[in-house]
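Student: Starting from the given sequences, assemble the full structure and let the hints guide the process.
Here the protein sequences line up with chains F, L, B and E, keeping their order.
Heads up, the first sequence is in full-length UniProt numbering, so the first residue is 1 and it goes up one at a time.
Heads up, the second sequence is in full-length UniProt numbering, so the first residue is 1 and it goes up one at a time.
Heads up, the third sequence is in full-length UniProt numbering, so the first residue is 1 and it goes up one at a time.
Heads up, the fourth sequence is in full-length UniProt numbering, so the first residue is 1 and it goes up one at a time.
No lab work stands behind these hints, which were simulated from the structure alone.
One or more of the hints may lead you astray.
Identical copies look the same in the list; a pair holds intra-copy or inter-copy alike.
[As the list claims (entries may be wrong)] Calculated lysine to any residue pairs in the SDA-like style (CA-CA distance at most 25 Å, straight line):
| no. | residue 1 | residue 2 |
| --- | --- | --- |
| 1 | Lys300 | Asn84 |
| 2 | Lys284 | Asn93 |
| 3 | Lys155 | Val34 |
| 4 | Lys284 | Ala299 |
| 5 | Lys272 | Ser226 |
| 6 | Lys300 | Ile81 |
| 7 | Lys300 | Thr72 |
| 8 | Lys300 | Gly87 |
| 9 | Lys272 | Ala12 |
| 10 | Lys129 | Ala308 |
| 11 | Lys216 | Ala299 |
| 12 | Lys300 | Ala32 |
| 13 | Lys272 | Lys300 |
| 14 | Lys272 | Leu125 |
| 15 | Lys33 | Arg21 |
| 16 | Lys155 | Gly178 |
| 17 | Lys300 | Leu82 |
| 18 | Lys300 | Ala12 |
| 19 | Lys216 | Ala23 |
| 20 | Lys216 | Ile81 |
| 21 | Lys272 | Val99 |
| 22 | Lys33 | Gly178 |
If you're wondering where the values come from, they're calculated on a predicted model, not measured in any experiment.
Given next are the chains, with one letter for each unit.
4 protein chains.
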Amino acid sequence: MPNLQSVLDEIAHDMASASERGAVARYIPELAKVDPARFGLAVLTEDGTLHTAGDADEPFSIQSVSKVFTLTLALGQVGDILWNRVGREPSGNPFNSIVQLEYEHGIPRNPLINAGALVVTDVLLSGYKPREAIGLILSFMRGLADDDSVFIDEKVARSEEETGFGNRALANYMKAFGNIRHAVEWTTGVYFHQCAIAMSCRQLAVAASFLAGEGKHLLTGNRIVSRERARRINAVMLTCGHYDGSGDFAFRVGIPGKSGVGGGIMAVVPGKASIAVWSPGLNKVGNSLLGSLALERLAKAMDWSIFAP
Amino acid sequence: MPNLQSVLDEIAHDMASASERGAVARYIPELAKVDPARFGLAVLTEDGTLHTAGDADEPFSIQSVSKVFTLTLALGQVGDILWNRVGREPSGNPFNSIVQLEYEHGIPRNPLINAGALVVTDVLLSGYKPREAIGLILSFMRGLADDDSVFIDEKVARSEEETGFGNRALANYMKAFGNIRHAVEWTTGVYFHQCAIAMSCRQLAVAASFLAGEGKHLLTGNRIVSRERARRINAVMLTCGHYDGSGDFAFRVGIPGKSGVGGGIMAVVPGKASIAVWSPGLNKVGNSLLGSLALERLAKAMDWSIFAP
Amino acid sequence: MPNLQSVLDEIAHDMASASERGAVARYIPELAKVDPARFGLAVLTEDGTLHTAGDADEPFSIQSVSKVFTLTLALGQVGDILWNRVGREPSGNPFNSIVQLEYEHGIPRNPLINAGALVVTDVLLSGYKPREAIGLILSFMRGLADDDSVFIDEKVARSEEETGFGNRALANYMKAFGNIRHAVEWTTGVYFHQCAIAMSCRQLAVAASFLAGEGKHLLTGNRIVSRERARRINAVMLTCGHYDGSGDFAFRVGIPGKSGVGGGIMAVVPGKASIAVWSPGLNKVGNSLLGSLALERLAKAMDWSIFAP
Amino acid sequence: MPNLQSVLDEIAHDMASASERGAVARYIPELAKVDPARFGLAVLTEDGTLHTAGDADEPFSIQSVSKVFTLTLALGQVGDILWNRVGREPSGNPFNSIVQLEYEHGIPRNPLINAGALVVTDVLLSGYKPREAIGLILSFMRGLADDDSVFIDEKVARSEEETGFGNRALANYMKAFGNIRHAVEWTTGVYFHQCAIAMSCRQLAVAASFLAGEGKHLLTGNRIVSRERARRINAVMLTCGHYDGSGDFAFRVGIPGKSGVGGGIMAVVPGKASIAVWSPGLNKVGNSLLGSLALERLAKAMDWSIFAP
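Tutor: Below you can see the structure in the form of structure tokens.
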């Protein structure tokens, strides 16, 4: 087995000089300002050791990576009846597609595309006012990251509010089918804030560690979810975590993960490690281009795969 | 860890008395004649021991399970350039959908839906006449099953020939885009024969074992494919192996598998075991109803999951 | 040529006793309260004579029939550049479909489906505040109906506001593509009010008469639009006026018309007559069931067809 | 009213020098060889006078224009029960789309798109062998054109046979739903031959004249269909005759017509005239670019429109 730190350093070194870096997301104006040259990588191993490389301490907008955490929270709140309102099949469509909702009468295909995440957020609102729900999510993230400096980037949140018409369309459309229960502005408001959470690779790798630890946090040792739920969340990440590039990610990288348009990807190797990588440029299906490549190299070098013993 | 044989016996016993058994596929007349009460289960473990329960020695039509084996053959023949003609993303559509082909210009989403498997078969025809290709596939299956009694059920093959207009539509449609290179009747003819291969659970579990053994056959010790290719085929099975129920199977069962409308499912636990189950009744997305339940129970009882350490 | 009044009386008499009347629209609660037994019919002939039968003086909610009038207004305001923002092809989809908008990047297929009418309303808002735009539309309708008692049913408008999430979805979705220029609540607000205009068959037949008179109002003699524009609006009505039943209406009835979910249909026989019919029960594609039948009988009896000399 | 011959001459003169002529259909190799500079125009008026301009006597491949004639024949053979197997709604999709067939279970939207025309041809085969059906269609065309020199271009027919995989896909797909009753090769074989009929503008204008004459042929005086059927065929042409450009044609030209990928368009002004135009270059939805423009100019100059008195 190669030395993990050397592997990370080598990857970070090579990625720094990559010329083809993908395109930074432009539809949220605040995100468009991010420097495409940044690259960070962090790995927390089962023994609680953290390895980092590159800009691993710089906070970035986690965007859709947040969908895994709100799913975890909502499952904790209402349990498996959540699955009456959202499916768990890959979508075969872009992240923001509305087509499927028409054919399937307002039930989104899975909780890791925008429509599904809006339903999950709507479930979270059952017991809370929007402000409270945002507070709840933020404190959950701080707890998981074991770091109270995790924050919501209000500029990004406002930018999403100002331009989030596609998400409002999805929410209104599902409300027409009765699958959004609160005011659309409430649900989208909380959603825009959860997407605007800013975290560093270091924080994100730590936060993801309960999914590598069969539900137990690798650093704090706290049980966050049951073993079965951890496995199942990993299954949903593997089949649906990279939008219409999920099959390719499973094929090339071979571990569960979730990407965000901010350029972050969180991934887990069950029983071994949790990982966060960040590179703002995206490939054509909306996942971090260099982030995906870095994970492919890392998994290969460390012989990490869920499809191997 | 519970005793594997006891687990299998208990499952077979319970399944024998299940009242809700799904509906036997009717669109291939020969398949419609199969007795829905049959149930078989076989597991080959890494040490080369075979455990069976129920009708594990009765041959059934493997149908789409054959897609994994022709994919393996075609990758062996032409390598990864195969992926220029077929994708590896879940389809988000029924197994026989033609819609996606129109939007994606004749490139099927993955090799485990009908359209994709037809392309794979078309690739196999590059060096062979139809009769030769059929012979090649059959002898590959006999070798993998370590059993020369594996055969093609000619009645089923003829029944498919007589009713396979949907598959001819797919093949003609892709040929209009240049993605079928041989005469449509050649490609569909070979395809209908590969689907008509008859195998027992015992044979199928043995045949699948190279995917559990990182490319090495668990019984014969022969290397069939490289470690990386075995992992990747498993990845494709996990994301695409159960049509529009692939996400649900990953969620509930947690291991790679491939189903067929004959009621068979083949599955693998990397490093641990290969499995075949057979129950002819299908659920609404076209996968064996009791077969899926049996695998869910088996995986849970044995604590088998690729989403766990 | 039979006597028009006798034809109308006979139709109204038969329709009164029809047992199969279709289903009243339920998705707008106020509309669901309407008595399905009502039936009205009015015809204004080119000589300015008005014939009526049944409940021809009872106001009903014109709903989508309003789309023809706002289209007329918007074309008057901005001219044919309107067609840069909306197509004029039949949709091949239900009236409220959002699927097509995704494939065609926010450009609705025609101005007589909901998405297209929202764009038209958005165009109308260019020079006006919402209140002013509503006032403008109402006074246009009063002028055309030659009757100042035409009014907006505020209960219906409020009912639409409370339940119009599908339309908000469409508007937000098009705004994401830049094809709605004003605040979604402004555009949908005006739209909900135009749909809530209440008119009787008598008023509606009079209002439609400029389309039968090649742009000149049959009663007042005022020119409302040019000859060419009148013809073109009729062409759009013929190909797109009955949602996904437009082809069938052209086939059976043979004249241009526009239906609304309130059960009204307005139709014109160029050079001869304008017609309004009302029966609240709808067929499965959302057009008045008895209204369509009544128009088919009327056109046949009077030998009215645009496909004949 | 301007002089018709002068109008035709002027149009032909201007079209001869048009630089933007569209693209000749390339998917049928024989059609790709046609000279894009050709332009012909013929008008038969109600008094039986024929006016021509340009290459009006040169035969071209009528292609989909034939769909109107086989529809007429099939309605004559089986009557309105034909409509159980094919709809009459505009498709909202390209001429060769297969998507709609999946959603609507093998029932094509209308008889003027490829799928619908294949069903119509299949209906024609009920009482005939393929050779006989082809003979029947050809003699019907010769009778209507009042000219025995109308012929089937065997080179074009063969070219279609060799490349018509898209149409075979449609036919197989509908056969899977039971909506093609004969062998696919029979139905497509007849279809390819009807498409390969070669006619001049002069012949086509004469052949179309029964649709301008409310069912009676303008030249021979023979009744071909009833008045009602003539109107209804015109209605189907208006709503569906130009594929996904039907709405635009109705809007701009305002008369029923049917186009073919050979560059021909046949059109009728009920009670006044039948028209044929030919220019091989197509616009982006597959209709003759200059042919459409010529018809728009002709209709405008002669004040022909079904949307006017």
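Student: Run every hint past the structure and note whether it holds.
Tutor: Against the structure, the hints:
no.	hint	verdict
1	Lys300 x Asn84	between (38 Å within a copy, 23 Å between copies)
2	Lys284 x Asn93	both (13 Å within a copy, 22 Å between copies)
3	Lys155 x Val34	within (13 Å within a copy, 49 Å between copies)
4	Lys284 x Ala299	within (22 Å within a copy, 37 Å between copies)
5	Lys272 x Ser226	both (17 Å within a copy, 24 Å between copies)
6	Lys300 x Ile81	between (38 Å within a copy, 21 Å between copies)
7	Lys300 x Thr72	between (29 Å within a copy, 21 Å between copies)
8	Lys300 x Gly87	between (32 Å within a copy, 22 Å between copies)
9	Lys272 x Ala12	within (21 Å within a copy, 35 Å between copies)
10	Lys129 x Ala308	neither (45 Å within a copy, 36 Å between copies)
11	Lys216 x Ala299	both (22 Å within a copy, 21 Å between copies)
12	Lys300 x Ala32	neither (32 Å within a copy, 46 Å between copies)
13	Lys272 x Lys300	both (14 Å within a copy, 21 Å between copies)
14	Lys272 x Leu125	neither (34 Å within a copy, 43 Å between copies)
15	Lys33 x Arg21	within (15 Å within a copy, 46 Å between copies)
16	Lys155 x Gly178	between (31 Å within a copy, 22 Å between copies)
17	Lys300 x Leu82	between (36 Å within a copy, 22 Å between copies)
18	Lys300 x Ala12	within (15 Å within a copy, 40 Å between copies)
19	Lys216 x Ala23	neither (36 Å within a copy, 41 Å between copies)
20	Lys216 x Ile81	within (23 Å within a copy, 42 Å between copies)
21	Lys272 x Val99	neither (39 Å within a copy, 41 Å between copies)
22	Lys33 x Gly178	between (37 Å within a copy, 21 Å between copies)
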